[in-house]
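With my numbering, letter number 248 in the sequence shown gets 248, and the count goes up by one each step, no holes.
A hint or two may mislead.
Stated by the list, open to error - Quick list of simulated restraints, FRET-style, between CB atoms: (1) 32 x 276: 48 to 58 Å; (2) 57 x 207: 50 to 60 Å; (3) 123 x 312: 38 to 48 Å; (4) 234 x 123: 25 to 35 Å; (5) 371 x 262: 39 to 49 Å; (6) 170 x 103: 20 to 30 Å.
As the list claims (entries may be wrong) - Here are the simulated DMTMM-like cross-link-like pairs (lysine to aspartate or glutamate), alpha carbons at most 25 Å apart as the crow flies: (7) 11 x 336; (8) 314 x 336; (9) 314 x 325; (10) 11 x 217; (11) 11 x 82; (12) 314 x 331; (13) 314 x 59.
No lab work stands behind these hints: they were computed from the structure. In this text, a Cβ means the ideal position worked out from N, Cα and C, and glycines have one as well.
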Amino acid sequence: MRFVLAPDSFKESMSAAQAIAAMRDGVHTVLPDAECVGVPMADGGEGTVAAVVDALDGERVTVQVADALGRPVPAAYGYVADRRLAVIEMAAAAGLELIPLHERDVLRASTFGVGQLIADALDRGAEEFLVGLGGSATNDGGAGMLTALGVRLLDAAGAPLPAGGAALANLDRIDRDTLDPRLAAARIQLACDVTAPLLGPGGASAVFGPQKGATDDDVARLESALERFARVAESAHADTPGAGAAGGLGFALLEFLGATSRPGVEVVAETVSLHEALTGAAWVFTGEGSVDAQTMLGKTPFGVAEVAGRTGAKVVIFAGRVAPDASVLLDHGVHEIVGITAPGTPLEQALREGPQALARAAADFVRRNYGS
């Protein structure tokens, strides 16, 4: 009997690798001889580096970079040497959670640190990049990242622009000739579920700016500045779906670095060879901390179910919290949804005891289906 264990992390409780270990323990409690194949998963957001590093036996590299406000901060990315693959979560350098609420300044927040991560990976020999775009504190159109990688963004006097999206209002000329030449041969894949364009009422500034502290006036300034950026760049990518992701970082990656963009869980599934692991599997166990109807919008459990649906394996989702509307997943390729937390369990206890609860739930499921 072959089980494929392909969970995401359970936020604040366990990593994907720890969830796999718990699921494996549960299965083997009932079926000691069952074959359990672990495939750590993620959706391109938090946990993507850990999932890919664990799945491909890579390493976690920590370097000092600038945070969104230019202050030094340690940031980690994943590197898989035998594939020359770097896995970067932009939020590790320019994430909103790194900036205390009272210090957030979306007008001058910069993606410079993201460029530093890419540069460090190039120094290590990276030729392929997987970049997750969630959780940004920035709205600079990726200008900071480009600056870190050698692009010169100049005002009318020929002076370099200061950091931040608002400064792009004074952009007069872009010198691409100084872009790090190693990027010409790089293959960059964006793990991105955001389909927003760079500009307009559904764009980076209007939709995501307020979430980062932008006032109505700030949004108008940033919209105008990014519009100028796209115009000076003479870009055809301003309307490309995903260009507005991470405060327009998607735009810079698409326009200047030749990146391609796909839904995050698809990119991760392909990178960790999920489809190959599913060959011959009877059951697929996946899960994350919470599932509801929104899980169908690019979250790992649904992405795993979609891939597994092409193989005939039955999919079971395990979650700490199961919302009533999660039942819609049962009409879309999911065999069963299992809550691992007993009703009334305090949150702190549920998070602390997550691995044990997951192991018990997996064992109970196997026992119900195969006895013991």
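Verification of the supplied hints:
1. 32 x 276: 48 to 58 Å: 25 Å, violated
2. 57 x 207: 50 to 60 Å: Roughly 38 Å apart at Cβ, these two residues miss the hinted range, so it is violated.
3. 123 x 312: 38 to 48 Å: 45 Å Cβ-Cβ, so the 38 to 48 Å window holds.
4. 234 x 123: 25 to 35 Å: Taking Cβ atoms as reference, residue 234 and residue 123 lie about 31 Å apart, which means the hint holds.
5. 371 x 262: 39 to 49 Å: Given range 39 to 49 Å: holds, Cβ gap about 42 Å.
6. 170 x 103: 20 to 30 Å: 24 Å, holds
7. 11 x 336: 21 Å, holds
8. 314 x 336: This hinted pair holds, its Cα atoms lying about 9 Å apart.
9. 314 x 325: Holds: residue 314 and residue 325 sit about 21 Å apart, inside 25 Å.
10. 11 x 217: Roughly 35 Å between the alpha carbons, so the hint for residue 11 and residue 217 is violated.
11. 11 x 82: Roughly 30 Å between the alpha carbons, so the hint for residue 11 and residue 82 is violated.
12. 314 x 331: 13 Å, holds
13. 314 x 59: Not satisfied, since the Cα-Cα distance of roughly 32 Å exceeds 25 Å.
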